[in-house]
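Put together the whole structure using the sequences plus the hints.
Just so you know, the sequences run in chain order A, B and C. Residue numbering for the first sequence follows numbering that gives the first Met the number 0, starting at 0 and increasing by one per position. Residue numbering for the second sequence follows numbering that gives the first Met the number 0, starting at 0 and increasing by one per position. Residue numbering for the third sequence follows numbering that gives the first Met the number 0, starting at 0 and increasing by one per position.
No lab work stands behind these hints: they were computed from the structure. Just so you know, these numbers come straight off a predicted model, no measurement behind them. Virtual Cβ for every residue (Gly too), placed ideally from N, Cα, C. Take the hints with a grain of salt, since some may be wrong.
To be verified - Covered by chain A, per the in silico footprint, the following chain B stretches (three or more residues, Cβ under 8 angstroms):
(1) 57-69
(2) 247-255
Claimed, not checked - Facing chain B, according to a computed beta carbon distance under 7 angstroms, are these residues of chain C, among others:
(3) P26
(4) L46
(5) L92
(6) A96
(7) R105
(8) V122
(9) I144
(10) I148
(11) V205
(12) S231
(13) V253
(14) I256
(15) Y260
(16) V271
One letter stands for each residue in the lines below.
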Amino acid sequence: MRKLISLLLIAMMMFSLVACGSNTDSTAPAETTAAAAETTASAGSTEKEVLNVWSFTDEVPKMVEKYLELNPEFAAKYEIKTTIIATTDGAYQPALDQALASGGADAPDLFAAEAAFILKYTQGDASQFAATYKDLGIDVDAKIADADIAQYTIDIGTNPNGEVVGLGYQATGGAFIYRRSIAKDTWGTDDPAEISKKIGPGWDQFFKAAEELKAKGYGIVSGDGDPWHAVENSSDQPWVVDGKLVIDPKREAFLDLSKKLKDNGYHNDTQDWQDAWFADMKDAGAKKILGYFGPAWMINYVIANNAGDTFGDWAVCEPPVGFFWGGTWVLGSASSEKKEAVGQIIEWITLDTSEQGLQYMWANGTLNGPGGTKDAVASGKVMSISNGELEFLAGQNMFDVFIPANQFANGKNLTQYDETINRFWRDQVRAYTAGEKSREAALEDFKQMVADNLDVTVE
Amino acid sequence: MKRRKNISYAKYGYIFSLPFILAFLIFSLYPILYTAVLGFTDYKGLAATSWQFLDEPFKNFELILNNKSFRQALVNTFMIWTMNFIPQILMALLLTAWFTSRRNKLRGKGFFKVLFYLPNIITAASIAILFYALFSYPVGPVNSLLLKLGIVDEPIYFLVSKMSARGIVAFIQFWMWYGYTMLILTSGVLGINPEIFEAAEIDGTNGIQTFFYITLPNIKTILLYVLITSMIGGLNMFDIPQLFMQGGPDNSTLTTSVFIYNQAFSGSYLYNRAAAASMIMFVIIAVFSAALFFLMRDKSEIQIRKEAKAAEKARKLANKAQGVI
Amino acid sequence: MKKNRSLLFKVTAYTVCLILAILSVLPFWIMFVNATRDTFQIQQEALSLVPSSHLFDNLKILLGKTFDPLKGLTNSMIVSVASTLCTVYFSALTAYAIFAYNWKMRKPFFTLILAVMMIPAQVSVIGFYQFMYKIGMTNNFMALILPTIAAPTAVFFMRQFMMASLPLELVEAARIDGASEFYTFNKIILPIMKPAMATQAIFSFVSSWNSLFLPLVLLTNNDKYTMPIMVSLLRGDIYKTEYGAVYLGLTLTVLPIFIAYFLLSRYIIEGVALGGVKG
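Rendered as structure tokens:
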């Protein structure tokens with residue numbers, strides 16, 4: 000044993016020298032390999048160049064595909080390689096970060112980020128990886144003014160130097176999306192104007208409605224994740240201010256709101272994005288539920304896909320509190336060798352207001368032929384010439400609700416840590432509502448989780 | 000003639016072990032030392048390119064040791080390991096006793112062995128996700144089963160309760176490993192000299208006595224081997240807790256490996272703290288291993304010593320032979 | 000009296016074994032069945048023991064995601080086979096070096112191997128990742144394969160096996176015949192080592208096939224994803240739930256191993272048992 004220890008000690012000393020030495024010149028080999036990778040890429044230049052696209056849904060990759068379809072000469076030069084990793088398990092960010100940091104031929108050229116973590120890539124720890132739209136060859140200021148892009152989209156997408164590095168294509172002001180038949184059965188009407196007065200304004204009114212629904216055997220929402228998004232993005236302060244954790248009173252009140260929902264059986268106690276939550280969209284859950292909180296994308300990309308036989312039985316109205324939720328921003332990579340190509344795609348997605356532009360097709364559901372899903376988009380100019388009527392909503396024009404809702408969208412209560420902190424918070428809220436721990440303990444443990452896992456000060 | 004051979008052959012010992020030594024130095028020792036060094040630095044943040052030693056060298060270690068989540072992770076790791084290992088070893092022993100019983104020969108042993116070992120070969124990632132789906136709430140196969148059998152009136156939210164989440168992870172570990180343990184113990188028993196059992200039978204011991212007084216003492220080293228490998232595996236548990244609930248709910252299935260992964264590769268990229276946590280784990284494992292190694296020592300140590308003696312003897316003999324010639 | 004007892008023993012033993020056997024198979028059976036059911040059926044009634052008819056619908060959904068089981072299988076196969084070969088060959092070689100030659104450092108070296116056995120890979124993962132990152136070996140299978148050359152447990156096991164069943168006279172005889180040392184090892188020693196190598200091959204293959212931690216950290220290019228990484232990403236699919244497809248994805252990852260296992264089960268069980276005796 001003694002021999003072993005002395006051997007290890009000698010080895011340790013030797014290698015600590017090597018370790019220290021290697022630190023000084025360690026960047027050199029990485030560069031050579033990156034360079035080597037590039038030469039192999041350009042050596043095969045008779046073949047198409049590869050554009051790496053990273054996203055957390057298939058939305059952006061499908062857009063890129065469409066762009067190639069519309070621009071054959073572009074498609075002749077480039078081929079797309081997509082990587083899609085869902086954010087459900089928090090897996091997207093670590094993978095994307097490592098791909099960006101590793102660089103080389105496999106690094107993303109174009110990547111998408113969601114509201115819950117976009118700030119990290121535009122203003123936070125990973126902002127050095129984002130190319131400015133100017134560098135991508137986009138005349139960004141003039142284009143933004145022309146397209147009348149929603150201000151919050153620009154605020155979020157601007158880096159600390161005041162340059163735009165990311166823009167969204169959606170407008171994500173929120174509404175309450177409900178089932179017409181259930182509203183009619185409970186209140187005798189399914190008129191959005193009437194229903195918005197039943198479920199709001201304010202949470203007190205919301206719970207009154209929940210009680211009335213309960214009497215009829217319905218739930219008001221599927222799980223506590225539904226009101227959470229309304230709470231989260233109607234709060235005044237973000238989770239972190241000046242490197243310190245802040246629990247906004249409105250977010251703290253979510254503990255009580257969630258508890259009340261659970262204790263009174265106002266919902267099916269599902270978790271958002273889990274199987275049972277989707278099941279409630281087509282009445283496959285324990286009891287039927289009135290509706291969901293969400294922006295326009297929620298209707299087309301989530302509910303419509305999972306609605307089954309309830310198609311056409313839906314409507315949107317003003318929510319009890321104004322909020323916004325989500326949205327996807329598109330960024331180009333600063334290290335990309337194909338900035339011009341990336342810029343062309345990004346400009347088409349975020350700033351092109353023509354009828355051949357992405358946003359027009361996106362708003363009018365013509366991206367993949369007529370009759371497709373519609374969404375509210377970032378460009379005011381496009382919105383003004385678009386039609387939000389949906390058969391899924393029995394002909395209601397959803398833009399009537401969503402355009403005013405966009406005033407609640409702002410980037411002021413976001414942080415780069417939202418995805419992680421939200422996960423901790425929701426975890427604690429769930430433990431509290433399930434009776435696993437007291438309210439105080441849940442708050443304490445939440446603070447502890449943030450302190451232990453993130454570089455954030457907790458008082 | 001003979002001497003030349005002796006000299007020339009020894010070098011093959013070095014040559015043949017060279018690949019191992021190189022791979023070990025490059026891929027094991029260097030990273031371990033590098034990790035150790037990082038634990039004393041300010042190296043953090045995504046794609047950080049340089050680091051400096053901290054003014055207070057043990058700052059990271061202090062932070063980690065005072066980190067409640069890390070302590071919780073340590074407690075969890077031991078708790079989950081114990082909850083899995085005790086039933087696992089008991090079940091494996093019971094099955095071993097049955098399968099090696101000389102009085103009551105069971106049929107279909109081979110068939111059962113194949114099935115019991117089955118969970119061990121399936122990708123842990125698949126198993127974690129499968130069990131997550133099985134235990135989902137409010138609708139999921141296990142809840143359906145319990146409702147159907149009338150055991151419960153309403154679905155149970157398994158994955159929100161700390162103890163049941165830990166229990167499920169421990170159960171998965173048990174389920175994956177008891178077959179392996181059983182196979183190893185069985186083969187150990189089969190390796191015992193049958194004469195010992197025959198003698199016992201003549202003395203009139205019953206099956207239970209035989210098991211406790213003859214079988215168990217004779218497989219002591221194998222039991223220790225199982226204990227050590229299981230402990231090292233248990234202290235490094237990652238796949239199941241990470242994929243099952245990402246260490247949740249409420250940190251209840253957070254193991255130290257998941258903690259280290261989270262520190263280093265998600266959130267704030269605190270490589271330095273993760274390195275410090277790794278080193279703390281290293282020390283813990285080293286202490287445990289040393290203790291168990293000490294217990295296991297008798298067999299291999301004696302063997303080595305014996306060999307050394309034999310080698311010495313051989314050399315003396317060879318010298319003598321040379322002297323004679 | 001004695002007969003009754005023996006009967007009671009058999010009833011208990013068979014019942015317990017049967018329950019355990021069901022426990023081993025049932026989760027996989029539920030998985031297979033749910034892979035053939037559509038989302039609505041699963042949402043309505045999560046437990047069913049009878050397959051339904053939506054296998055191909057689920058397959059279509061699954062392939063519509065960026066889930067490419069064939070690629071995952073190929074990648075996992077490359078890594079696992081190469082790792083297994085490295086482990087088995089170099090461990091045998093190293094064990095032979097310790098066993099057959101009398102060199103100065105052999106005792107400390109063997110002690111070192113025993114000590115390294117205790118060090119788990121996770122401890123050094125931070126340093127390992129940083130090192131690989133700096134020399135540009137992320138997204139390179141070599142970063143997963145080369146370290147398996149140094150597999151202390153396998154060396155230890157092989158040495159024990161050699162001591163038990165490899166007579167040194169054999170080596171002497173080969174030398175007299177004028178065979179080179181390397182030739183002796185490859186042509187004479189290795190064939191004798193077959194059972195031990197088979198055992199280690201199984202362990203090494205299974206652990207490499209199932210490994211998630213290192214690949215997850217090192218591989219970011221989805222062309223390089225191994226099966227466990229693909230599986231770990233399977234559950235996440237925002238916007239739409241397709242549990243039938245998730246179950247099918249799991250089934251596809253499990254199926255090749257299932258087939259291989261049942262074909263080889265006899266040898267595998269024997270191999271593991273051998274591991275117990277010697278280890």
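Original post:
If you take the shortest Cβ to Cβ gap from C/I148 to chain B, is it below 7 angstroms?
Top reply: holds (4 angstroms)
Subject >> C/A96 as chain B interface residue, shortest Cβ-Cβ below 7 angstroms >> reply: Interface hint status for C/A96: holds (4 angstroms vs cutoff 7 angstroms).
**OP:** Three residues minimum, CB to CB under 8 angstroms: does the region 57-69 of chain B make the cut for coverage by chain A? Let me know.
**Re:** holds (count 4)
Original post:
Is the shortest C-beta separation between C/V253 and chain B less than 7 angstroms?
Top reply: holds (6 angstroms)
Subject >> Restraint satisfaction for C/Y260 [CB to CB of chain B, less than 7 angstroms] >> reply: OK, holds: C/Y260 within 7 angstroms of chain B, min 6 angstroms.
Original post:
With a cut-off of 7 angstroms, does the beta carbon of C/S231 approach a beta carbon of chain B closely enough for the hint to hold?
Top reply: holds (5 angstroms)
Subject >> Agreement of hint C/I144 with chain B interface, Cβ distance less than 7 angstroms >> reply: violated (10 angstroms)
**OP:** Check whether three or more residues of the region 247-255 of chain B sit with their beta carbon closer than 8 angstroms to a beta carbon of chain A.
**Re:** Three-residue rule met by the region 247-255 of chain B, so holds; n is 4.
Original post:
Regarding the hint that C/L46 lies at the interface with chain B, is the smallest CB-CB distance below 7 angstroms?
Top reply: Since chain B brings a Cβ to about 4 angstroms from C/L46, closer than 7 angstroms, the hint holds.
Original post:
Are C/V205 and chain B close enough, Cβ to Cβ, to be under 7 angstroms, as the hint says?
Top reply: holds (5 angstroms)
**OP:** Please verify that hint: C/L92, Cβ, nearest Cβ of chain B, below 7 angstroms or not.
**Re:** holds (5 angstroms)
Original post:
Holds or violated: is the Cβ of C/I256 closer than 7 angstroms to a Cβ in chain B?
Top reply: Where the cut-off is 7 angstroms and the nearest Cβ of chain B is about 6 angstroms from C/I256, the hint holds.
Hint 9 from the list above is the single one not met by this structure.
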